[in-house]
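Peer 1: Sequence lines, in order, name chains A and B. Per our numbering, the very first residue in the first sequence carries number 5; after that it's consecutive. Per our numbering, the very first residue in the second sequence carries number 3; after that it's consecutive.
Simulated from the structure, these hints should not be mistaken for lab results. Among the clues, some could well be false.
Each computed DSSO-like pair below joins lysine-lysine, with the alpha-carbon atoms no more than 30 Å apart [claimed, not checked]:
#1 B:63 / A:107
#2 A:151 / B:21
#3 A:96 / B:114
#4 B:114 / A:151
#5 A:14 / A:151
#6 A:260 / A:179
#7 A:43 / B:63
#8 A:26 / A:88
#9 A:14 / A:140
#10 A:195 / A:279
#11 A:96 / B:22
#12 A:298 / B:250
#13 B:63 / B:250
Quick caveat, the model's predicted, so the values are computed rather than measured.
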Amino acid sequence: MKILIAIGSKEFSTPTLRLGMKVAQAFHAKTTIIDVGEKISEFSSHLVELAQDQMESWDFDPPGVDVLEWAFNYLSDNKLIDSKQIETGFPKNRLIDDGEERKLVYLSGTICDDVNLILRNGDIISELREEVQFGKYDVTIIGKSRKRNMSHDLLQYINSSVLIVNNYDNEKFNKILLPLNDETGMMKVAKYAIRVALALGVGIDILTITNKNDSGHENRFKVTKLKKLFRRSGVAYDYKVEEGDIVEKIINKAGKDKIIVMKASSMSPIQRFFKGSIPLSVMNECNVPILIVK
Amino acid sequence: MLGFSNISLSNFLFWATQKKWFLYALGLGALLLSFPTPHDLQIEAKISIIILIVSLILIIKEPIPLPAVAIFILIAQIYGGVDTVDGISKSFMSDAVFFIMGSLMLAVVIIKQGWDSRIALGILKVTGNKTAGIALGFLSISAVLSSFIGEHTVAAIMLPIGMTLIRFTSTNLSKVKNLSAVILFSIAYGCLIGSIGTPSGGGRNVIMINYLNQAGISISYFDWMVRTYPFIFLQIPIVSWIIMKTFKPEHRILDSSVRKLVIKVARSRAITGRNTLTVLIFILILSGWVFFSEKFGLGTIALTGVFFYLLGGFVKWSDLNKHTHWGVIILFGATISLGTSISKTGGAMWLADQLIYSLGTFMETIPFFRELVVIVVTTSMSNVLSSSATVAVLGPINLNLVPEILNIGLLTAMSSAFSYFTAVAAPACTIVYSSGMIRAKDFIKIGFRVGMISILLLIAYVNIYWPLFN
Numbered sequence: 005m006k007i008l009i010a011i012g013s014k015e016f017s018t019p020t021l022r023l024g025m026k027v028a029q030a031f032h033a034k035t036t037i038i039d040v041g042e043k044i045s046e047f048s049s050h051l052v053e054l055a056q057d058q059m060e061s062w063d064f065d066p067p068g069v070d071v072l073e074w075a076f077n078y079l080s081d082n083k084l085i086d087s088k089q090i091e092t093g094f095p096k097n098r099l100i101d102d103g104e105e106r107k108l109v110y111l112s113g114t115i116c117d118d119v120n121l122i123l124r125n126g127d128i129i130s131e132l133r134e135e136v137q138f139g140k141y142d143v144t145i146i147g148k149s150r151k152r153n154m155s156h157d158l159l160q161y162i163n164s165s166v167l168i169v170n171n172y173d174n175e176k177f178n179k180i181l182l183p184l185n186d187e188t189g190m191m192k193v194a195k196y197a198i199r200v201a202l203a204l205g206v207g208i209d210i211l212t213i214t215n216k217n218d219s220g221h222e223n224r225f226k227v228t229k230l231k232k233l234f235r236r237s238g239v240a241y242d243y244k245v246e247e248g249d250i251v252e253k254i255i256n257k258a259g260k261d262k263i264i265v266m267k268a269s270s271m272s273p274i275q276r277f278f279k280g281s282i283p284l285s286v287m288n289e290c291n292v293p294i295l296i297v298k
Numbered sequence: 003m004l005g006f007s008n009i010s011l012s013n014f015l016f017w018a019t020q021k022k023w024f025l026y027a028l029g030l031g032a033l034l035l036s037f038p039t040p041h042d043l044q045i046e047a048k049i050s051i052i053i054l055i056v057s058l059i060l061i062i063k064e065p066i067p068l069p070a071v072a073i074f075i076l077i078a079q080i081y082g083g084v085d086t087v088d089g090i091s092k093s094f095m096s097d098a099v100f101f102i103m104g105s106l107m108l109a110v111v112i113i114k115q116g117w118d119s120r121i122a123l124g125i126l127k128v129t130g131n132k133t134a135g136i137a138l139g140f141l142s143i144s145a146v147l148s149s150f151i152g153e154h155t156v157a158a159i160m161l162p163i164g165m166t167l168i169r170f171t172s173t174n175l176s177k178v179k180n181l182s183a184v185i186l187f188s189i190a191y192g193c194l195i196g197s198i199g200t201p202s203g204g205g206r207n208v209i210m211i212n213y214l215n216q217a218g219i220s221i222s223y224f225d226w227m228v229r230t231y232p233f234i235f236l237q238i239p240i241v242s243w244i245i246m247k248t249f250k251p252e253h254r255i256l257d258s259s260v261r262k263l264v265i266k267v268a269r270s271r272a273i274t275g276r277n278t279l280t281v282l283i284f285i286l287i288l289s290g291w292v293f294f295s296e297k298f299g300l301g302t303i304a305l306t307g308v309f310f311y312l313l314g315g316f317v318k319w320s321d322l323n324k325h326t327h328w329g330v331i332i333l334f335g336a337t338i339s340l341g342t343s344i345s346k347t348g349g350a351m352w353l354a355d356q357l358i359y360s361l362g363t364f365m366e367t368i369p370f371f372r373e374l375v376v377i378v379v380t381t382s383m384s385n386v387l388s389s390s391a392t393v394a395v396l397g398p399i400n401l402n403l404v405p406e407i408l409n410i411g412l413l414t415a416m417s418s419a420f421s422y423f424t425a426v427a428a429p430a431c432t433i434v435y436s437s438g439m440i441r442a443k444d445f446i447k448i449g450f451r452v453g454m455i456s457i458l459l460l461i462a463y464v465n466i467y468w469p470l471f472n
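Chain A extracted, bound-state conformation (with noise of 0.2 Å):
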């Protein structure tokens, strides 16, 4: 399993990486820690680069540096990484250039494998998809944007599974919130719903919400199979059957304390570019974290 965690800033990544760390350690995964810099203008690009060279002579980093300086302070101080690389400090000399337009400096973790911090610049969009190809990564998690294209594009593009880092608060969250609609996938997702329960220690609803002209049979048939492997795993579950609107019902049972684990949807890519999915209307409207399982 490998992990993509995004960051940044200093100001608003701390959510985004405490929680990203947890699911890491649930999955025991080798994790990235990356940062993306602003796009330069191609116009300007190659004379930003000779200022930042210039800028080196004098003792100062390049942009992104002190973004990874403080995710490695974060990792240090909660004892993520190796004991001895806690002692030397923020390793900038060993930030190297890998000529992929990249900066990255490999660590070694404590809770999870390997733990790499990288340094991009870019589209963002661009960038993830980019690093999320090329080091395929199973889950990408990223804080929550306020630019709406940014979710879309997020579901659309990312091939990873994608985690929205939305106002989440270590003390707040008590349960995961797993809506399950059809049984394609539901047993991944589910799977992933447990990994991250046990490492948040919470209990998980299980939520299957069907209209009027359900019959809801088969609905039951497929818990009966999910009911077994929440037993073995130890979590504490729930299960409600609802009628409703889907993405409302999701929303008002996750309300604010509830992280939502979801899989993504089953639509062909240029249906889901048109027509929207369930995943991204529920992505757009909550209030609180969001796995989306693909």
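Given chain A, put chain B in place with the hints provided.
Peer 2: Relative to chain A, chain B alone:
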């Protein structure tokens, strides 16, 4: 769907999303092409204008790499029948392109010479420790230097000096936000103000000289300076005052930080004989520009300087190659070639006529309206496009607006330096912005004030000072 996997469909959608501005631009181009050609416009001129519109969208939105835009401009002109292959090739490589190439390479040599610490000492000796004086010093030195060696070079040299001073004042940057803005905007705006002062101040000046030469008008390095340099001295105190008033710095006196900077500079490596030789070669280049540019061209002289720097081993080719943006050079060549085509086919004259027809009444009745139109259009474009590209595409059109070709040419070049409003248009602003210490909205806040004042000053300047030459 049709045998395509979800991943390939997703890849296609991603490509389409990333390239949407390319697709819009092509769509717009096709739409314009389908409109009937006005009776007073040749088909070649119409095609060159459409290529111009499409290219502008591509340059501003950057959906494809800039070298690809350059290639598009060149091949579209040939396939569109605007000119022959030989004609396009000839206009593609001009002295202006030589100059841009030489100037980018000279920047690499100059920046690596360690002049920054000497400049820092020089500024602090003159300005003392008051913030207002230091800001004025940064702005003045940036302006004077950039008028000769180019804004991007000076911005790269001055930025670390300014940032070191800020860091020595406080390591907590949130406590010195306004001071940072004062120092960094003094550097960026100083570079922009100075870049109009001589032909070598920026590629756009050389591009304009190129167009003036095509129109049969010649202007020497010294004549350019006589006409434009006083405007720099006019702008320096006013812009410095506006910056100080807009961002009231947290510290009025920077006593200890100035002392720390002086100590740091004193500890830096001493100037070597090779550094002195670099300066001497640059003085020779400068003399060449002043005395021989009309005969040999500014670009040829800049490249001669680069040749001597390479010959003497002052710079490695690998360094020049790494830091020279060949894509930008190709793009300038292509935009100049397009500008030449628009001019040759009569497209520039037609566009200028349309502007005169639509605004003619105002131009005749309202004093200085013509100058205002040229300045506002050029300033607006240079804030979204690069200033050199603005001159490359607007130059031929503006030169057809009024009979006083030299004045309108100089006015276009000068107002293209008013890229105060955005962080992305001028390299000096982008370099300063890349420090992360000023925000994009700061550019709008200060840029509006400085921009408006500069426009009014320029109108007054051209109407009071330039008539003295007639």
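Peer 1: All hints, please: hold or fail.
Peer 2: Hint by hint, here is what the structure shows:
1. B:63 / A:107: holds (26 Å)
2. A:151 / B:21: holds (19 Å)
3. A:96 / B:114: Status holds; Cα separation ~23 Å.
4. B:114 / A:151: The given pair, whose Cα atoms are some 41 Å apart, is violated under the 30 Å limit.
5. A:14 / A:151: holds (19 Å)
6. A:260 / A:179: holds (10 Å)
7. A:43 / B:63: Between residue 43 of chain A and residue 63 of chain B the Cα gap is close to 12 Å, so the pair holds against 30 Å.
8. A:26 / A:88: Since the Cα atoms of residue 26 of chain A and residue 88 of chain A sit roughly 22 Å apart, the hinted pair holds (cutoff 30 Å).
9. A:14 / A:140: At roughly 27 Å apart (the allowed maximum being 30 Å), residue 140 of chain A and residue 14 of chain A satisfy the hint.
10. A:195 / A:279: holds (29 Å)
11. A:96 / B:22: Violated, because 39 Å separates the two Cα atoms, which is more than 30 Å.
12. A:298 / B:250: Judged against 30 Å, a Cα distance of about 52 Å means the pair is violated.
13. B:63 / B:250: Status violated; Cα separation ~35 Å.
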